[in-house]
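Listed in order, the protein sequences are those of chains L, S, W, U, B, P, E and R. Counting in my numbering, the first sequence runs from 1 upward without gaps. Counting in my numbering, the second sequence runs from 1001 upward without gaps. Counting in my numbering, the third sequence runs from 2001 upward without gaps. Counting in my numbering, the fourth sequence runs from 3001 upward without gaps. Counting in my numbering, the fifth sequence runs from 4001 upward without gaps. Counting in my numbering, the sixth sequence runs from 5001 upward without gaps. Counting in my numbering, the seventh sequence runs from 6001 upward without gaps. Counting in my numbering, the eighth sequence runs from 7001 upward without gaps.
In short, the hints are calculated from the structure, not lab data. Bear in mind the structure is a predicted one, so any value in this text is a computation, not a measurement. Possibly wrong hints are sitting among the right ones.
[To be verified] Below, in silico cross-link-like pairs of lysine-lysine (DSS-like), each with a Cα-Cα straight-line distance of 25 Å or less: (1) E:Lys6253 - B:Lys4253; (2) L:Lys253 - L:Lys87; (3) P:Lys5253 - R:Lys7253; (4) W:Lys2253 - W:Lys2087; (5) S:Lys1116 - S:Lys1048; (6) L:Lys253 - S:Lys1253; (7) P:Lys5253 - P:Lys5048; (8) L:Lys32 - U:Lys3032; (9) W:Lys2032 - E:Lys6032; (10) R:Lys7253 - R:Lys7113; (11) S:Lys1032 - P:Lys5032; (12) P:Lys5113 - P:Lys5253; (13) B:Lys4032 - B:Lys4116; (14) S:Lys1116 - S:Lys1253; (15) B:Lys4032 - R:Lys7253; (16) L:Lys48 - L:Lys32; (17) U:Lys3253 - W:Lys2253.
Number of protein chains: 8
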Amino acid sequence: MTLQQILEEVESGRLSAAEAEVLLKKESHETKGYDEMGYAKIDTDREKRTGFAEVIYCAGKAPEHLVNIFARIYHENGEVFGTRATKEQYEMILERFPETVFDPVSHILKIEKLEKEYIGRVAVCTAGTADIAVAEEAAQTAEYFGTRVDRVYDVGVSGMHRLFSRLDVIQEANCVVAVAGMEGALASVMGGLVRRPVIAVPTSVGYGANFGGLSALLTMINSCANGIAVVNIDNGFGAGYLATQINRLAEGK
Amino acid sequence: MTLQQILEEVESGRLSAAEAEVLLKKESHETKGYDEMGYAKIDTDREKRTGFAEVIYCAGKAPEHLVNIFARIYHENGEVFGTRATKEQYEMILERFPETVFDPVSHILKIEKLEKEYIGRVAVCTAGTADIAVAEEAAQTAEYFGTRVDRVYDVGVSGMHRLFSRLDVIQEANCVVAVAGMEGALASVMGGLVRRPVIAVPTSVGYGANFGGLSALLTMINSCANGIAVVNIDNGFGAGYLATQINRLAEGK
Amino acid sequence: MTLQQILEEVESGRLSAAEAEVLLKKESHETKGYDEMGYAKIDTDREKRTGFAEVIYCAGKAPEHLVNIFARIYHENGEVFGTRATKEQYEMILERFPETVFDPVSHILKIEKLEKEYIGRVAVCTAGTADIAVAEEAAQTAEYFGTRVDRVYDVGVSGMHRLFSRLDVIQEANCVVAVAGMEGALASVMGGLVRRPVIAVPTSVGYGANFGGLSALLTMINSCANGIAVVNIDNGFGAGYLATQINRLAEGK
Amino acid sequence: MTLQQILEEVESGRLSAAEAEVLLKKESHETKGYDEMGYAKIDTDREKRTGFAEVIYCAGKAPEHLVNIFARIYHENGEVFGTRATKEQYEMILERFPETVFDPVSHILKIEKLEKEYIGRVAVCTAGTADIAVAEEAAQTAEYFGTRVDRVYDVGVSGMHRLFSRLDVIQEANCVVAVAGMEGALASVMGGLVRRPVIAVPTSVGYGANFGGLSALLTMINSCANGIAVVNIDNGFGAGYLATQINRLAEGK
Amino acid sequence: MTLQQILEEVESGRLSAAEAEVLLKKESHETKGYDEMGYAKIDTDREKRTGFAEVIYCAGKAPEHLVNIFARIYHENGEVFGTRATKEQYEMILERFPETVFDPVSHILKIEKLEKEYIGRVAVCTAGTADIAVAEEAAQTAEYFGTRVDRVYDVGVSGMHRLFSRLDVIQEANCVVAVAGMEGALASVMGGLVRRPVIAVPTSVGYGANFGGLSALLTMINSCANGIAVVNIDNGFGAGYLATQINRLAEGK
Amino acid sequence: MTLQQILEEVESGRLSAAEAEVLLKKESHETKGYDEMGYAKIDTDREKRTGFAEVIYCAGKAPEHLVNIFARIYHENGEVFGTRATKEQYEMILERFPETVFDPVSHILKIEKLEKEYIGRVAVCTAGTADIAVAEEAAQTAEYFGTRVDRVYDVGVSGMHRLFSRLDVIQEANCVVAVAGMEGALASVMGGLVRRPVIAVPTSVGYGANFGGLSALLTMINSCANGIAVVNIDNGFGAGYLATQINRLAEGK
Amino acid sequence: MTLQQILEEVESGRLSAAEAEVLLKKESHETKGYDEMGYAKIDTDREKRTGFAEVIYCAGKAPEHLVNIFARIYHENGEVFGTRATKEQYEMILERFPETVFDPVSHILKIEKLEKEYIGRVAVCTAGTADIAVAEEAAQTAEYFGTRVDRVYDVGVSGMHRLFSRLDVIQEANCVVAVAGMEGALASVMGGLVRRPVIAVPTSVGYGANFGGLSALLTMINSCANGIAVVNIDNGFGAGYLATQINRLAEGK
Amino acid sequence: MTLQQILEEVESGRLSAAEAEVLLKKESHETKGYDEMGYAKIDTDREKRTGFAEVIYCAGKAPEHLVNIFARIYHENGEVFGTRATKEQYEMILERFPETVFDPVSHILKIEKLEKEYIGRVAVCTAGTADIAVAEEAAQTAEYFGTRVDRVYDVGVSGMHRLFSRLDVIQEANCVVAVAGMEGALASVMGGLVRRPVIAVPTSVGYGANFGGLSALLTMINSCANGIAVVNIDNGFGAGYLATQINRLAEGK
């Protein structure tokens, strides 16, 4: 029996919740380390292995798949976190889970435990206003995983005094996330000013020869400064995840 | 007077070493934060600002420039570290500094302080044998900056049991450096197995459609696993630097 | 007279079906090996030459062209198979052929003979849930041509234990189809684990620097493992076709 | 003790060959499935797992590493096969193993068992004369692994009658290897003429906008014909390996 | 006074048609060789210089600009020819010029003189059905400029017998236009079979790694056959123009 | 208090305009050189530093952000200039500032001071009619910053006499802006004819292998003529800005 | 017996020349249309089919292969033409055929019949001096095939008056070959000035972002002028071949 | 008679210098505006038209061509300037013109008039030491054409204090040349700090994903700062030329 079949059995009353739980726990978790849902295999072993519970990349997921995976993880962990969600997906989920929260800027969809404790300190910076969507994905991801975040937005290199006026916040962080589109020079400038790792996130913001973010990606990969860790174009989630890993190490977790 | 002029004055006996020191210290370090050499400005403020003393990228440097910069940093710090050096550059330096050491695999040229203390633990891994040159650049960079390094070589995904047999070493490190050419899949596999950051170094090893390392770079940037920090193709130095930053944080430095 | 003219003659009653059949059979099949339809030349010789009857690539076909080609092949073979169909195309065909079946996941449109016999065994695997659309195109193509298929979905390298738990199924197949987007590392991992050919299908799933599937394509083309046969991005049909060729050889057909 | 240490012990007489064998067999093969050589891990489990013994990619290997790996595999299997070797590497190996054979066209270096049995039939074809180097790498790889090979050279599409005059040989093969540079159209033409898989090998032969083989690679990946399995640019070895896998299946191995 | 101002004067009755004609002829044609319209300069000297009257590239033209340019050329030449027109543009023009004809396949919009004489012979061929839109742009362009055209559609290399059955038509033409997407191998095959120039038109038909027609373009540019003249992706107009130039030369015009 | 909070205080009557002005002037301008708005930092120091007041890149700005930034700059400078605005953005701004002007060709949104004085002379030229949108962005930007502009449109190289007939205007300008898509040859031709700098603006006008303007960009960057300054694809604003800098120098400003 | 075997038989005296001729003629020419040489298949049917005898692309040919193919074609046709030859290849051929001529500029190696008749007129033009090597390949190819050629060198667009002073020669030709590197604008300018086809040859001359000729290729493919036929980068031979085809048509051949 | 023939006549004494001068002046300069040398057409009209005498791009020029062109321009102008010269070319020229000067850093070869007057002020800056070769080409070009130059080297963004300490020099210049490889961020930072145009020169300095300077080129083209004029990769000459044009305008020339 797949997870879906078990859940349908419970829904129809032919299986009690308690029996289902036993079935699910025994088969999947202990033996295989994942839940078989046919179209997906929820990696229940992930938190133990990597320190991070599985999250959902919502883009392109079929509605019923999304709801089931959302529910499955929520029931497992008591909270759930999805990225790149649409307003339509949010509304569909909302019907079943009214406590769901959606942020239209970062496109994050989540139910989060209350009174979470935040540790350390990470600075999330952007070159321009249009980079904020990606920056918020990074910041909220880090926060979901327990990281304290400082936001420093619109400090691009065309007006360097804006960056210098916030340098104290940036230099005190355990690591810095630098989010920039166009030519992406922010990461190089940061790298020369701080002693901690700079996680560089190229964005697709810009036009013409930016080629969907390739320009910023190449800038960051070729940086003359050191201590620059590059992630994929627009990959705020990856940056928030990596920042959390580094922040945890710094805080002895 | 530029640094070069001052040094020539000392060489010719028209200026004492002590006077020169005063001149250099006062003018450059305290006021400007760098030494003006005309063709170069040695960033003497760097260690204070970033925690790392300046190193030398030897490739393409004119012989006399290289020697002068090498000497300048050595006198400043009591040790000096150069990457991408040629055998000819080594032999030229050797005449003036017989204590210089050159590693033909990593092309590192250095004079290193004795009895350095190493902290923490970083695992440097390669997919194949041909990736070792880049891996050694990473490993020796990290060691120069005081990081303890474990080497795990030739554990590419075409024979996964080799990787699994060394998983204990990899999972205990504060961070992992994954060096791979061809399709560069090693980083993704690592990312799914460890809780600490994976620094991915694409190499230009391979042929055909690897396009000088672009293939491995794209693989690593697009990794489905999280916690992957990518640096430039063949950039072992950058990886060793970033690994040191993370290792220091983990060790409370 | 072209095929279209003949069909119109039959429609208007000026030509009997039997007469038309004679005309069509004699002219096209025996002499030329194709049916001339003006805008298309149906390759009636294909099955004899390659072992595969002609199928329809529906994308971008004008409505009347699609219906006529669909009808022509159906009448020739008693079954017909179209890929990349839209819901609108399906509804138009449905009016004339109510037995038509459409799968919204794979976008396959077909009328298939009943009680088909399946031979051998091919494993169709995906890295993630979003790759299933392409995988189903591969699986259903192979099944249409008489291949028995095992589906192994969501076994990407970020959680390798999921793949290992299904390794028995994968290793027993005559060949494996590995469907993966993002960095496409699944194919390399497979190649190191099985003795049979791995057909690698890069998908356009992903974002940022995946460049519409180019990243996964380069990964698979540069694989450090051997026995990897690469097809075009999102080309599930090509993979199912190639898998059928190999499966037939293995079964002595 | 690493393999190297064990061998040095034997060389110096402090360890008998028999004892060494026991050590090596027990530790490496049974427990780990590979031989640890420090700079390399010989995958001794590979033949059992994939049906193919490990071969050596000679390009860029340090001399002493190459000799040791060559010796190690030779002693394990009684034969050994290296690709992309230089004349210098050959001469170095020749000193220790006078039975070594080197082919300057394909750059293959090998010691092969006598009276090998060949099964099935694979056709290796080229578009032009300049593609023969890659074709020979494919052909000799397939022969090394026990495949009977027919060579059909210089049958490019600018003079199609040359191809048609050899079509009988091509159509009878279990699979066809099509090696072509420039625009690489040979693979598409083949795909429309045979019922068995076509393994397409783009070569870097050509000039101008061929971009080192990218042109032929894109042609083959986008082929309008089906049953085309593409490997990397100039990857004759990969094609011979894949052809062997398919040929074995066809012959019931 | 610009053309627009002159026309408005005529419209309002302040200027007679005859006077306007004098103004326009004298100023523009004889002195400058073009009509100044502010947003455009109609090249009235073009036919004398190149043998071809100016045509209109409709894509992206503002409605009023398009109508005015259309009218201007029509009045000059008694006929007018526009490419890449939309249905909306057609309907707007139709209001003013009810004799306008629009072909939804090629997106050509025109008013053509009756009883045009056609000379010579050009064969326009396509690899597949989806290439017909581009082929019709080529064919109708050539016809507009007085070239006799034979259409040979759907003769791609996956079923070569279709091409061979029409070889007589192709070999008798003064030149051949080969329109193909996907891998674009048709041009190379043609080049080896005919003695006259082959104008190769890559199309954006295909998917995956065809990169909007780049794959076919590279194939055609790198063709191993000679006598291949390549034009831009989807540039049917350019092919029809070039074919007309060659056809005229062959017919002594 | 952020700027937004201050403005809200004024709006609600809890703060007088005069007090607000003091607050804003003191805190932001004198100390930091920018206004903190949370999602943006208005660079109030820019005009003093660069000679150009800050302008607004409207594309992708959230409605409320755009209105607030628009208002802020208007109040600072008495005029305001936005590029890449949509009609929707215009209508929203219009509600609050009825004196706003929108040009649907260049997509410029502005309130401009009356009776501005224009100095010097810049020629803005286009190759075709479709390049006018970008050219107007350049021309109106230059005019906003006080530059006198001559427009010379539709003088592409396919009819060189059109360009030569306007050469006097072009040669008298302090600098020339050459706007061209497709192959972008206009810039090279200009460079050989004038003694003043040519600012080359590649546009995305064209199709097929123009790759969104990359073709024209490469042409201009590789120009065989000298004195060519290239800006980003479709970057009319950047060209107008640069032309103004050069024009001011020529006029002694 | 292959051609090689037959020739060896003749060499050793076991076969008379006359007998050999019969063998070769009968077997190869009449039945197959090519000569089988093992490593090559000389296309003896080509002249009949395409109007052009086979020529030799010398680059990368093994010495003995080159000599044999050279001899074979020379004996067949009484003349022979090779492109991209090296000085070493020339010297080797010279030993056997002292009448061989080598041009170090174009790298053409040939033995040509005396008192050849030239027809028509083709203009071969270059943008700069560095493009002459490619232009000479084009010019001498056309001459070898009987075309009269006018050379017009160094008429690039940075000094347009040089081109205009030779316009009479260019406009009288049956077709124009425009050879240009860097930005390749020459072809577009030509296209607007002549009524005959322009064959555009991009060259790899230039540096920086010319990417080995890609810049010039894109310029020519995207030309705003019509009647532009593009061949591969540096492909002088292809241009001379195409020019000959067009010239023959114009001269009624 | 060509220039070469005339010069040979003078050399052999059959023509006096005075007669030759008349011939050359009358024919070439006044009527055609260039000197016909067969392989080159010296643009004698250029200085009048553009304000800059013709210079020589030495790379790839045949020895005798280079000497003749060098001599021709020297005799015309009394000075001559060549870029990208090799040491071998220098030595050859030196034999004939012992006053020739060669700079091995910038590869400039020249004979320059004494006591040249320099006007205005241009700042030439580099990010690193390895960019100096390109910077010197720019600086010496500008100086040759009469511009006063300040050199500011090694002020890259990884140590921003070095740049700030020289800001006075940079801000006082009529324009700034920013030379940078790797990620090329220097230009963006400059753009935000100065009121005059910044000429950005990407260099090929760097490794890995810098793709021969493409990375720096894209950075500079996509700069978020304004007033950035980009020239080709490593094109110091173009930058020096453009800087001179702007400097002359600023100085009223």
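Going through the hints against the structure:
Only pairs whose Cα atoms come within 25 Å are accepted, and lysine 6253 of chain E paired with lysine 4253 of chain B is accepted, the gap being roughly 15 Å. Distance restraint check for lysine 253 of chain L and lysine 87 of chain L: the Cα-Cα separation of roughly 36 Å exceeds the 25 Å cut-off, and the hinted pair is therefore not satisfied. At roughly 15 Å between alpha-carbon atoms, lysine 5253 of chain P and lysine 7253 of chain R fall within 25 Å of each other, so this suggested pair holds. Restraint check for lysine 2253 of chain W and lysine 2087 of chain W: not satisfied, since their Cα atoms lie roughly 36 Å apart, outside the 25 Å limit.
With a C-alpha separation of about 20 Å, the suggested pairing of lysine 1116 of chain S with lysine 1048 of chain S holds against the 25 Å cut-off. In summary, the hint linking lysine 253 of chain L to lysine 1253 of chain S is supported, as the alpha carbons are separated by about 15 Å, within the 25 Å threshold. The suggested pairing of lysine 5253 of chain P with lysine 5048 of chain P holds, with an alpha-carbon distance near 14 Å, which does not exceed 25 Å. For the given pair, lysine 32 of chain L sits about 23 Å from lysine 3032 of chain U by alpha-carbon distance, which is consistent with the 25 Å threshold.
Restraint check: the Cα-Cα separation between lysine 2032 of chain W and lysine 6032 of chain E comes to about 23 Å, which is no more than 25 Å; the hinted pair holds. For the suggested pair lysine 7253 of chain R and lysine 7113 of chain R, the alpha carbons sit about 20 Å apart, so the restraint of at most 25 Å is met. With a C-alpha separation of about 23 Å, the suggested pair lysine 1032 of chain S and lysine 5032 of chain P falls inside the 25 Å cut-off, and the hint holds. Distance restraint check for lysine 5113 of chain P and lysine 5253 of chain P: the Cα-Cα separation of roughly 20 Å lies within the 25 Å cut-off, and the hinted pair is therefore satisfied.
Distance check on the hinted pair: lysine 4032 of chain B and lysine 4116 of chain B sit about 30 Å apart at the alpha-carbon level, beyond 25 Å; violated. Restraint check: the Cα-Cα separation between lysine 1116 of chain S and lysine 1253 of chain S comes to about 16 Å, which is no more than 25 Å; the hinted pair holds. As the CA atoms of lysine 4032 of chain B and lysine 7253 of chain R are separated by approximately 33 Å, the hinted pair breaks the 25 Å bound. As the CA atoms of lysine 48 of chain L and lysine 32 of chain L are separated by approximately 13 Å, the hinted pair is consistent with the 25 Å bound.
For the suggested pair lysine 3253 of chain U and lysine 2253 of chain W, the alpha carbons sit about 15 Å apart, so the restraint of at most 25 Å is met.
When each numbered hint is compared with the structure, violations occur for hints 2, 4, 13 and 15.
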